[in-house]
Structure formats: C-alpha cells, structure tokens
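Using the sequences and the hints given, assemble the complete structure.
If you count the sequence shown from 1, position 116 lands on 116 in our numbering, and the numbers rise without skipping.
None of the hints are false.
Below, a list of computed lysine to any residue pairs in the SDA-like style, where the Cα atoms sit at most 20 Å apart: (1) Lys-206 / Val-218; (2) Lys-187 / Ile-176; (3) Lys-253 / Tyr-204; (4) Lys-29 / Leu-173; (5) Lys-86 / Pro-71.
What the hints contain is simulated information worked out from the structure, not anything from laboratory work.
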Amino acid sequence: MTDVIDLPLSTKAKGDGHRPRIISVANQKGGVGKTTTTINLATALAAVNQRVLIVDLDPQGNASTGLGLRPSDRQISSYDVLINGKTLEEARIDTPIPRLSIVPAGMDLTGAEIELVDFERRETQLKESLARLPHDVDYVLIDCPPSLGLLTLNALVASDAVLVPLQCEFFALEGISHLVRTIKRVKKAFNPDLEIQGIVLTMYDKRNNLSAQVANDVRDYFGDVVYRTVIPRNVRVSEAPSHGTPVLVYDMKCPGSRAYLNLASEVLKREGVKA
Numbered sequence: 001m002t003d004v005i006d007l008p009l010s011t012k013a014k015g016d017g018h019r020p021r022i023i024s025v026a027n028q029k030g031g032v033g034k035t036t037t038t039i040n041l042a043t044a045l046a047a048v049n050q051r052v053l054i055v056d057l058d059p060q061g062n063a064s065t066g067l068g069l070r071p072s073d074r075q076i077s078s079y080d081v082l083i084n085g086k087t088l089e090e091a092r093i094d095t096p097i098p099r100l101s102i103v104p105a106g107m108d109l110t111g112a113e114i115e116l117v118d119f120e121r122r123e124t125q126l127k128e129s130l131a132r133l134p135h136d137v138d139y140v141l142i143d144c145p146p147s148l149g150l151l152t153l154n155a156l157v158a159s160d161a162v163l164v165p166l167q168c169e170f171f172a173l174e175g176i177s178h179l180v181r182t183i184k185r186v187k188k189a190f191n192p193d194l195e196i197q198g199i200v201l202t203m204y205d206k207r208n209n210l211s212a213q214v215a216n217d218v219r220d221y222f223g224d225v226v227y228r229t230v231i232p233r234n235v236r237v238s239e240a241p242s243h244g245t246p247v248l249v250y251d252m253k254c255p256g257s258r259a260y261l262n263l264a265s266e267v268l269k270r271e272g273v274k275a
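If you want it as structure tokens, here you go:
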C-alpha cells in the first residue's frame with residue numbers, strides 16, 4: 001500500500017477557468033458512503049455558488065434516487081451517453097437544488113460493462129462526452145460503482161482527481177491498495193494528470209473506540225491526503241435518501257450536514273477556490 005504515498009495530492013484547480021473540474025468519487029468497496037458523499041458534497045458546493053453536475057455511473061442509480069428522481073424520470077441516462085451516443089446535455093436533469101443537476105442512471109447501465117468491451121475507445125467514452133459539455137458547470141462529480149470495471153475506468157480516465165470515501169471500520173484499508181494501483185495504472189496508460197483529491201473518513205462513531213483507532217491509523221499512514229473533516233454516523237444522513245433529498249435539505253442543522261459543509265470548504269481550499 002506504499003504506492004498511495006506517491007500519488008500527487010490535488011492542491012489547485014487546473015484548466016482555463018471555463019472547463020469544469022471533474023472529480024470521481026470512487027471506492028471499489030461498497031457501503032462506505034460513496035453515493036451519500038457525492039450527493040451531499042455536490043449540494044454543499046452548490047450552496048456556495050458552485051455550479052455542479054453529478055454523473056450517476058452506478059447501475060444501482062442511488063444518486064438519482066437520492067435526489068428524488070423516479071425511474072420514469074430517467075428517459076435518457078448515463079447508459080445512453082456511454083452506449084447510444086446521447087450527449088450529457090440531453091441526459092442532464094435539473095434538480096430542485098439551485099445550481100445542481102444530474103445525469104441519472106438505471107439498471108440498464110449494468111449491461112454497459114459488457115457492451116463497452118466491443119467499443120474501439122472503450123475507456124474514453126465518458127471523457128469524450130464531457131469534452132462536449134457546455135461551459136456552464138464548475139464541478140462534475142462522478143458517482144462510481146463499487147467495482148473497478150470499465151465504468152470506473154471511464155470515470156478515472158475522464159477525471160482530474162479522485163475523492164475516496166473510507167469507512168471507519170476494521171477493514172477500512174483492505175482493498176484500497178487495489179484502487180491505488182488502478183489509479184496509478186490509469187495515470188500511466190491514459191491520464192497522466194490524474195490526482196488524488198483526498199480521502200474522507202465516513203460513518204465515524206465517536207462512541208466507538210474502534211472508529212477513533214481507525215481514523216488515527218489512516219491519518220498516520222496517509223497524512224495530508226486525509227481531509228480533516230470526518231463524516232459522522234448520523235441517523236438524519238441515513239434517513240434523507242428515503243425522502244429523495246440531500247441531508248443538507250432534509251436537516252441542515254444536523255451533524256452530518258455540518259460535516260458535509262466543512263468537507264466542501266476543504267475541497268474548495270484544495271482546489272484553490274475561496275468558499
């Protein structure tokens with residue numbers, strides 16, 4: 001796992017001031033708060049006047065559901081963007097949250113992993129689509145599936161940086177070496193500018209000594225790669241998706257909402273943007 005120390009830490013936004021900054025939220029381990037982080041970080045960024053687009057690249061479509069989209073609302077999805085030549089602008093849906101839009105996903109995306117194999121540029125489909133995105137977005141957050149297949153590869157090839165949610169549990173570090181090796185391979189073969197935006201500790205339970213131990217171990221090992229902000233285990237965060245809304249809208253004063261606002265501030269600081 002020493003490979004991760006060699007990954008460049010994102011400290012400043014790139015681009016010409018018009019091109020959106022593209023960040024993949026990725027971890028091949030499921031249940032770590034990846035989609036929750038995508039939704040609420042996007043909402044927090046939008047709350048400080050950043051124009052944000054979520055690309056739901058997980059066949060479970062939880063980011064879409066968590067923003068209140070029913071299956072019938074997803075007439076054009078990320079599957080159509082990757083496989084059928086639809087543009088992101090055609091698939092994009094505005095949410096009730098100002099400055100936040102989403103390209104939804106559905107179960108048909110499951111087949112994309114197989115269908116992409118026959119594409120000549122299978123790993124660059126999303127990158128090519130994002131290159132045609134109108135310049136009215138500051139940040140694109142890609143909610144990746146819990147795997148390291150072609151969907152996640154498309155996300156990493158298209159991205160400027162990767163944000164990794166890491167659950168505060170005993171097996172937190174197990175498997176992250178696979179993600180790090182994948183990132184390094186993508187850097188070498190397809191995307192030399194790919195950075196690590198940071199690691200965010202999720203589901204932290206202050207009543208549990210193990211959470212504190214895991215958090216300390218992760219910080220000792222990864223150092224400044226880890227955000228100072230820790231996302232607590234919070235019932236309001238868990239309830240919000242069932243209401244089709246981010247926790248910042250569901251209960252802005254709860255600890256989870258405050259944590260995601262703080263995380264957005266840290267992300268922007270690393271991007272060289274004043275919140």
